[in-house]
Amino acid sequence: MDIDKLLTFNDNITRGHIYQIVKVLCNKSLRLNSFPHRCINDWNKLPEDIVLSDSINIFKSKLDKLWYPERFSLEEMY
Numbered sequence: 001m002d003i004d005k006l007l008t009f010n011d012n013i014t015r016g017h018i019y020q021i022v023k024v025l026c027n028k029s030l031r032l033n034s035f036p037h038r039c040i041n042d043w044n045k046l047p048e049d050i051v052l053s054d055s056i057n058i059f060k061s062k063l064d065k066l067w068y069p070e071r072f073s074l075e076e077m078y
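Under the working numbering, the sequence shown is numbered contiguously, ending at residue 78.
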């Protein structure tokens with residue numbers, strides 16, 4: 001699968017990390033509810049030190065530390 005067909009990286013970075021993804025506008029609910037489309041905002045909000053982690057395990061460890069306080073939050077559900 002060609003990643004360039006799914007995602008477009010942002011060339012005009014003014015803040016945040018260098019791997020921010022452009023969220024393409026869509027009219028179809030099929031694409032709107034797709035996994036890549038739903039994850040773009042969360043990915044773009046990540047701090048640069050997490051995105052630029054040297055390994056997957058380090059990435060996951062840092063991500064767990066970042067998201068742990070919100071782990072049991074029910075605010076988004078209601």
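FYI, nobody ran anything at the bench for these hints, they're computed from the structure.
Virtual Cβ for every residue (Gly too), placed ideally from N, Cα, C.
Be careful, since some hints might not be right.
What the hints assert, rightly or not - Below are the DSSO-like pairs computed for lysine-lysine, each with C-alpha atoms no more than 30 Å apart in a straight line:
{"id": "1", "residue 1": "K65", "residue 2": "K45"}
{"id": "2", "residue 1": "K45", "residue 2": "K23"}
{"id": "3", "residue 1": "K23", "residue 2": "K62"}
{"id": "4", "residue 1": "K45", "residue 2": "K60"}
{"id": "5", "residue 1": "K23", "residue 2": "K65"}
{"id": "6", "residue 1": "K62", "residue 2": "K45"}
{"id": "7", "residue 1": "K23", "residue 2": "K60"}
Said to hold, decoys possible - Listed next, with one range per pair, are the computed distances between beta-carbon atoms:
{"id": "8", "residue 1": "I56", "residue 2": "I18", "range": "14 to 22 Å"}
{"id": "9", "residue 1": "L66", "residue 2": "S34", "range": "35 to 43 Å"}
{"id": "10", "residue 1": "L25", "residue 2": "I58", "range": "12 to 20 Å"}
{"id": "11", "residue 1": "S61", "residue 2": "N27", "range": "22 to 30 Å"}
{"id": "12", "residue 1": "I58", "residue 2": "S34", "range": "26 to 34 Å"}
{"id": "13", "residue 1": "N41", "residue 2": "K62", "range": "16 to 24 Å"}
{"id": "14", "residue 1": "N27", "residue 2": "I58", "range": "15 to 23 Å"}
key: Hints violated by the structure (listed by number, smallest first)   = 9, 10, 11 and 14
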